[in-house]
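Starting from the given sequences, assemble the full structure and let the hints guide the process.
So the chains spell out like this:
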Amino acid sequence: MAPISYYLVLAIIMFFIGILGVLIRRNALIVFMSLELMFNAANLVFVAFSRQYQALNGQISVFFVMTVAAAEVAIGLALMVTIFRTKHSIDVDQMNNLKG
Amino acid sequence: MITGILFFDVMAVLVISTSIGMLVSRNAVYSALFLVLNFASVAVLYVTLGAPFIAMAQVTVYAGAIMILFLFVIMLLGAERLEGESTIRGQRLFGGLLAVILLGELTWMAVFQSGLSPAALTMPASDFAGPTQIGLTLFNTYLLPFEVTSFILLVAIIGAIILTKTDNIGKRIIRPGKD
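Going down the list, the sequences are from chains B and Z. Sequential numbering from 1 applies to the first sequence in the working numbering. Sequential numbering from 101 applies to the second sequence in the working numbering.
Just so you know, these hints were derived from the structure itself, not from any lab. The C-beta atom is built at its ideal place from N, Cα and C for all residues, glycine as well. It cannot be assumed that every hint is accurate.
What the hints assert, rightly or not - Quick partial rundown of chain Z residues pointing at chain B, CB under 8 Å, derived from the structure:
hint : residue
1    : Val142
2    : Gly195
3    : Ala210
As the list claims (entries may be wrong) - Computed cross-link-like contacts, DMTMM-like style, restricted to lysine to aspartate or glutamate with a CA-CA straight-line distance of at most 25 Å:
hint : chain 1 : residue 1 : chain 2 : residue 2
4    : Z       : Lys265    : B       : Glu72
5    : B       : Lys87     : Z       : Asp267
6    : B       : Lys87     : B       : Glu72
7    : Z       : Lys265    : B       : Asp91
Right, dumping it as structure tokens:
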């Protein structure tokens with residue numbers, strides 16, 4: 001088995017790529033996928049520490065994160081469909097006015 | 101011992117390369133497929149960490165349900181390659197710089213400041229995180245959060261329906277020849 005710091009560093013790299021996706025991509029769907037990647041990095045740390053301390057609480061947290069992520073994706077994609085209907089684009093730079 | 105680390109290295113390379121593929125793909129469909137592969141490899145890492153239930157939930161919920169939803173929306177909107185000109189100058193450079201600073205900070209904290217033991221992870225008991233143990237913990241200690249989660253899912257369903265509902269569906273059914 002690899003030491004826990006390996007998993008920690010892997011999760012940090014995944015989180016970094018997710019942050020990079022949120023900051024530099026402008027397709028709102030890719031921004032959303034990068035958010036999922038960051039959730040995944042956090043989940044990996046939860047599971048790794050759950051193994052380190054032999055406690056189940058971390059895995060239960062991952063379970064809840066997954067459910068909330070599913071709810072968030074459903075709402076977010078519904079928002080995206082609505083925005084696409086009114087603006088005919090999901091470029092995040094185009095979403096700059098509060099009046100529809 | 102050494103084979104475990106080797107296996108971890110292979111999976112880590114797979115995870116990082118699929119994430120980078122997700123990030124740099126021009127086509128959003130390819131990004132979604134890269135992300136499916138990424139979720140599957142993270143599920144394999146969960147198995148090595150002794151969390152088979154979480155690994156299965158990862159495959160069914162993330163790689164299955166959520167990514168299928170993403171692919172549906174990408175194909176519904178036809179939004180595979182929408183990347184116009186940026187309206188904010190220097191935003192990419194500045195964002196990348198900030199992300200690299202965050203990476204440096206996190207790595208410094210994790211590697212030099214965390215004080216974690218470099219010893220390999222120990223093997224847990226064989227029934228450590230099986231479905232029975234997870235279920236017992238979930239429905240005894242975490243019963244209230246579990247019920248709150250079901251409300252969150254209900255709100256998400258109602259919200260998604262209300263947000264995507266169009267008002268003119270009924271009219272179109274009543275008078276099909278008008279418009």
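Verification of the hints:
About 6 Å separates the beta-carbon of Val142(Z) from the nearest beta-carbon of chain B, less than 8 Å, and the hint is met. Annotation: interface hint on Gly195(Z) holds; nearest CB of chain B at approximately 3 Å, less than 8 Å. Contact between Ala210(Z) and chain B, as hinted, is supported at the beta carbon level, the nearest pair being about 5 Å apart and thus within 8 Å. Distance restraint check for Lys265(Z) and Glu72(B): the Cα-Cα separation of roughly 18 Å lies within the 25 Å cut-off, and the hinted pair is therefore satisfied.
Restraint check for Lys87(B) and Asp267(Z): satisfied, since their Cα atoms lie roughly 18 Å apart, inside the 25 Å limit. A C-alpha spacing of about 22 Å is found between Lys87(B) and Glu72(B), which places the hinted pair at or below 25 Å, so the restraint holds. A hinted pair counts as satisfied when its Cα atoms are at most 25 Å apart, and Lys265(Z) with Asp91(B) qualifies at roughly 22 Å.
Hint violations for this structure: none, all hints satisfied.
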